[in-house]
Structure formats: structure tokens, C-alpha cells
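Peer 1: Going by my numbering, the sequence shown opens with residue 746, and the numbers climb by one from there.
Quick caveat, the hints were computed from the structure, so don't treat them as lab data. Ideal placement from N, C-alpha and C gives every residue a C-beta, glycine not left out. A hint or two may mislead.
What the hints assert, rightly or not - Label-pair distances were calculated between CB atoms; the ranges are:
id, residue 1, residue 2, range
1, G840, N767, 46 to 56 Å
2, P822, N767, 33 to 43 Å
3, T802, A748, 54 to 64 Å
4, T766, I844, 11 to 21 Å
5, S836, L800, 30 to 40 Å
6, Q779, L799, 49 to 59 Å
7, I781, D807, 17 to 27 Å
8, L839, I798, 21 to 31 Å
9, A748, V827, 54 to 64 Å
10, I846, E782, 14 to 24 Å
11, I752, T802, 16 to 26 Å
12, R774, S842, 22 to 32 Å
13, T802, D838, 32 to 42 Å
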Amino acid sequence: MIARLFIGLVFASLLSPALTTNAYAHEFRPGHLQLIEVDEESTRYHVIWKKPILLNTNVELDPIFSEECLVTDVAPPEVGNVALIFHWRTSCDLGQSSIHINGL
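The whole structure should be built from the sequences, with the hints applied where relevant.
Peer 2: What follows is the structure, given as C-alpha cells:
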């Protein structure tokens, strides 16, 4: 009885890799949003948005600030190894507004 159970377990362990399929997942690259307070007296912030690049394609993730936020000083994006890096300034009270990441 024990011998049959042992043979069955050995057979199952040898056969199980042949019956399984490979699992694949897409590559994960997170975005990074950084807000740096420029001046404590005002509501100006330097915004850095690192938008991931995946297999040489643009991942559609974009931060959306509230309508009352004024965006200025937009610099051309820098191309990094794994991300496009955007810099700009915004003026608004972030404590009273919202930020949404479009594409999530």
C-alpha cells in the first residue's frame, strides 16, 4: 500500500512539469510624480513627472491637475533609460485641489 502511494507520488511529481503551462507577465515600470514646494509664501510647485518607457513605446499615463492650477515653465522632456522626464511649475493650492493620473 505504501509502495503504491510512493510510486504514485513519484509519478505525479515527474509528470506535473509536463502538464503545467508557463506563466508570463508584462514588464512593470512605475511612473513617479514629485512635487517640490518652491516658496512657502506662495502656492508654487516644481513638478517632476517620470513617465515610463516600455519597449520603446510611450505608456499613456499623465498627471491631471485641477482646472484652477496654472501650469507654467514647461520644459521639453528629457529621455532617460526607462522614462521620459517632464519638468514644469504649477501655481495652485494643492491642499484644496486634486491630482488624477490619467491612464490608471
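Peer 1: Would you pick out the hints that fail for this structure and give their numbers low to high?
Peer 2: Violated: hints 4, 6 and 11.
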